[in-house]
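Top line first, the protein sequences correspond to chains A and B.
Okay, so the first sequence: first residue is 65 according to the numbering used here, each after it adds one.
Okay, so the second sequence: first residue is 1205 according to the numbering used here, each after it adds one.
Hints should not be assumed to be uniformly reliable.
Unchecked claim - As a list, the in silico EDC-like pairs of lysine to aspartate or glutamate whose alpha-carbon atoms are at most 20 Å apart:
hint	chain 1	residue 1	chain 2	residue 2
1	B	K1483	A	D78
2	B	K1590	A	E171
3	B	K1590	B	D1537
4	A	K82	A	D177
5	A	K265	A	D249
6	B	K1483	B	D1507
7	B	K1231	B	E1221
8	B	K1590	A	D249
9	A	K203	A	D177
10	B	K1483	A	E224
11	A	K203	A	E224
12	A	K82	B	E1221
13	B	K1483	A	E86
14	A	K265	A	E171
15	A	K82	A	D72
16	B	K1483	A	E219
17	B	K1228	B	E1490
18	B	K1483	A	D73
19	A	K265	B	E1555
20	B	K1483	B	E1510
21	A	K203	A	E189
22	B	K1590	B	E1606
23	A	K265	A	D177
24	A	K265	B	E1547
Source of the hints: derived by calculation from the structure; they are not laboratory data.
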Amino acid sequence: MRVLLIEDDRQVADYLRKALGEAGAVTDHAADGREGLLMAASGNYDALILDRMLPGLDGLAILRTLRASGNQTPVLILSALGEVDDRVDGLRAGGDDYLVKPFAFSELHARLDALMRRGTVDAPETRLRVADLEMDLLKREVTRAGRPIVLQPREFRLLEYLLRHAGQVVTRTMLLEQVWDYHFDPQTNIIDVHISRLRGKIDREFDTPLLHTVRGAGYMLRAP
Amino acid sequence: MTTRPLTPAPAGRRRHELWARTTKVLKSSSFRITLFYMLMLSASVAVLLGFIYWFTSGFMDRQTDATIGAEIQGLAEQYHQRGLPGLSAVIRERIAQDPTGAAVYLLADQAFTPLVGNLDRWPAGFPDANGWMHFRLCDRGPDHAEEHTARGQVFPLHGDLLLLVGRDVRDLERTRHLILDALAWGLALTTALALLGGWIVSHRVLRRLEAINQTSREIMEGDLSRRIPMRGSGDDFDQLAAGLNTMVARIESLMAGVRQVSDNIAHDLRTPLTRLRTKLELLRAELGEDHPAGATAAETIADAEELLTTFNALLRIARIESGGRRDAFAPVDLAPLLADLTELYEPVAAERDQRLDLQASDCAWVIGDRDLLFQALGNLVDNAVKYTPPGGRVELALRDTEHAVIIEVADNGPGIPESLHAEVFHRFFRADHSRSTLGSGLGLSLVQAVVQLHGATIELRNNAPGLRVRMSLERAAAPETLQERPLPAER
Chain A
65 MRVLLIEDDR QVADYLRKAL GEAGAVTDHA ADGREGLLMA ASGNYDALIL
115 DRMLPGLDGL AILRTLRASG NQTPVLILSA LGEVDDRVDG LRAGGDDYLV
165 KPFAFSELHA RLDALMRRGT VDAPETRLRV ADLEMDLLKR EVTRAGRPIV
215 LQPREFRLLE YLLRHAGQVV TRTMLLEQVW DYHFDPQTNI IDVHISRLRG
265 KIDREFDTPL LHTVRGAGYM LRAP
Chain B
1205 MTTRPLTPAP AGRRRHELWA RTTKVLKSSS FRITLFYMLM LSASVAVLLG
1255 FIYWFTSGFM DRQTDATIGA EIQGLAEQYH QRGLPGLSAV IRERIAQDPT
1305 GAAVYLLADQ AFTPLVGNLD RWPAGFPDAN GWMHFRLCDR GPDHAEEHTA
1355 RGQVFPLHGD LLLLVGRDVR DLERTRHLIL DALAWGLALT TALALLGGWI
1405 VSHRVLRRLE AINQTSREIM EGDLSRRIPM RGSGDDFDQL AAGLNTMVAR
1455 IESLMAGVRQ VSDNIAHDLR TPLTRLRTKL ELLRAELGED HPAGATAAET
1505 IADAEELLTT FNALLRIARI ESGGRRDAFA PVDLAPLLAD LTELYEPVAA
1555 ERDQRLDLQA SDCAWVIGDR DLLFQALGNL VDNAVKYTPP GGRVELALRD
1605 TEHAVIIEVA DNGPGIPESL HAEVFHRFFR ADHSRSTLGS GLGLSLVQAV
1655 VQLHGATIEL RNNAPGLRVR MSLERAAAPE TLQERPLPAE R
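Model the full assembly from the supplied sequences, consistent with the hints where possible.
Next comes the structure, spelled out in structure tokens:
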């Protein structure tokens, strides 16, 4: 897994490289916009982490140039500007995800993971499966160990997202954005309550839990 | 912003609009000033015309009286010199010389028996102390008998004779009426013209004031780039507009400064905070969960998290208040939004044994920022759920009325004393300081900022028991084609 990090803050860059290295990624670093664009255009990376405010060349300008030249590498934009219009700007310029500083490394890692796996899914799937938990996307049915599980529409979407990202950490904000389609900061841990409901339906009556809480990060659905 | 219906407005509504516009003109200060001016002008013109009337009509009266007096003087002299025959001759001669028949002469004895003159009998009426009297005359015309007024003076002569000399004042009266009519019409015309002029002037003034009002409303709603149109004539309105425009430009540059500062703060503080947090995470990872210092690191991360939450909320409120978020405005249907919100918070309420109910109309379109509206309403529901004791209920309502979309969030919790209703939107406000609930005390400040950005209103009411929050947004027409959101969703 090769990641290019374009970030002018040396300390943030160093820690990110270190943390990404521990997570098993090879990270190249560019400290300014021009250098970053050159490296991104020539190198073969699985993902780009792009700071929005850069000396030399603005992050969004780099992104537009890359996309205009047909480069489709997944890009995660980092920004200190947290408002939605900035987010919209970033996504319109061709970014795939947007993360506001300061962020937890776990959040960055989870999103990066999701971005890179996105490219590997080719054919539209009709069935999703983790261990003995199965989801039929056409019939919109869920079974575990052959026993049908009745889900509300939103619970279905929640489980679908978790199944699609099985084995990856998904954070609470990712769930809010992707399952509920709202960018907002809940003042309470509403997602936890939804997860615990879902857990009650898919895990409670079975011996091996599939839906795990990852401390300080989020949730993960994985086979035992 | 106004929405234009596709069908033409019904007659009732047009009449209503006309009425509204008329009352607006009538209520305007410029119209009132014009009305006052019109009254003053009419009064002045009335005084002036009255003077003219008094002067002309009085002049004619005095002229008549002077002529009569002079004639009597002359006749008395004739009588004195030539006796009764001489007087009679002169009277006959004068009657003969007066073809119009306007002059009246009558010489009578003590018993009012006519001796000489052109009246066949002494007229009815009593003379005043100076011998002046008004009396009626019967027209001796061939076709018709017509009564009209005459004025004359009675003069006693030696030998117990009475001499009456008068004038038929019919023509005089006619002239007087003519003058009076002309003056009355003049007054009426002055009033009408003043009123018309007033209406035109106030209408023009109002139109320019309305332009200023309209622009200031848009500016108040947060669009600081708006400027009041100027005509370039350099008149009072242009000067006012120039003054206001300069003021707004100044405010705009200050706001831009604030925004710049908050952006700088955001950038300058968030970067070190990111480092702080990343370092702490690495530290915790290196120490491991079981290490006692690892637990401390975890707590420190939680503290940093809290600090960041408050910091982010403050920045966010500041940015929303600066009004730069309207680019993301689009038609939003609040009905599915509230359904999502209810669905999102329902499990939280259920966990606290509360009921969360939604009563919503089928659709309710407004122009706004979908995420911000969701955030604001989420904060309201969050508060309601948080402060309502277990077993309580929270009710959400959405109503689509003719002009406004109304959202209500009501609970049956402890509520907030009415004296504090205005304060709850202040930053860091807590209704109960001893309460150990989570939250930064910024939730309602953010709601307020979102409400202001949308030009909406919010009010708190006593739900007896509990709190009822009522938000009112301007209604928008449903868009003709439903557009996809520009944000890429999960593939």
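How the hints compare with the structure:
Between K1483/B and D78/A the alpha-carbon distance is near 10 Å, which keeps this suggested pair within the 20 Å criterion. Annotation: proposed proximity of K1590/B to E171/A is violated, straight-line Cα distance about 27 Å (limit 20 Å). Among the hinted pairs, K1590/B with D1537/B is inconsistent with the structure: their alpha-carbon atoms are about 27 Å apart, more than 20 Å. Simply put, K82/A and D177/A have alpha-carbon atoms about 16 Å apart, close enough for the 20 Å limit, and the pair holds.
In summary, the hint linking K265/A to D249/A is not supported, as the alpha carbons are separated by about 27 Å, beyond the 20 Å threshold. Taking the CA atoms of K1483/B and D1507/B, the gap is near 14 Å; set against the 20 Å cutoff, the hint holds. With a CA separation close to 15 Å, the supplied pair K1231/B and E1221/B stays within the 20 Å bound. Restraint check for K1590/B and D249/A: satisfied, since their Cα atoms lie roughly 16 Å apart, inside the 20 Å limit.
At roughly 29 Å between alpha-carbon atoms, K203/A and D177/A are farther apart than 20 Å, so this suggested pair is violated. Between K1483/B and E224/A the alpha-carbon distance is near 34 Å, which puts this suggested pair outside the 20 Å criterion. Proximity of K203/A to E224/A is assessed by CA-CA distance (about 13 Å); at most 20 Å being required, the pair is judged to hold. A distance of roughly 70 Å separates the Cα atoms of K82/A and E1221/B; the hinted pair therefore is violated under the 20 Å criterion.
Distance hint between K1483/B and E86/A is fulfilled; the C-alpha atoms sit about 14 Å from each other, no more than 20 Å. Annotation: proposed proximity of K265/A to E171/A is violated, straight-line Cα distance about 26 Å (limit 20 Å). The suggested pairing of K82/A with D72/A holds, with an alpha-carbon distance near 16 Å, which does not exceed 20 Å. At roughly 36 Å between alpha-carbon atoms, K1483/B and E219/A are farther apart than 20 Å, so this suggested pair is violated.
Distance check on the hinted pair: K1228/B and E1490/B sit about 74 Å apart at the alpha-carbon level, beyond 20 Å; violated. The hinted pair formed by K1483/B and D73/A meets the criterion: a straight-line CA distance of about 14 Å does not exceed 20 Å. With a C-alpha separation of about 16 Å, the suggested pair K265/A and E1555/B falls inside the 20 Å cut-off, and the hint holds. Under the criterion of a C-alpha separation no larger than 20 Å, the hint pairing K1483/B with E1510/B is consistent with the structure, at around 17 Å.
Of the pairs offered as hints, the one joining K203/A and E189/A holds, with about 13 Å between alpha carbons and a cut-off of 20 Å not exceeded. For the proposed pair K1590/B and E1606/B, the alpha carbon gap of about 33 Å is over 20 Å, so the pair is violated. Of the supplied pair hints, the one linking K265/A and D177/A is violated, its CA atoms being roughly 27 Å apart against a limit of 20 Å. Taking the CA atoms of K265/A and E1547/B, the gap is near 17 Å; set against the 20 Å cutoff, the hint holds.
Consistency with the previously given hints fails for numbers 2, 3, 5, 9, 10, 12, 14, 16, 17, 22, 23, ordered from lowest to highest.
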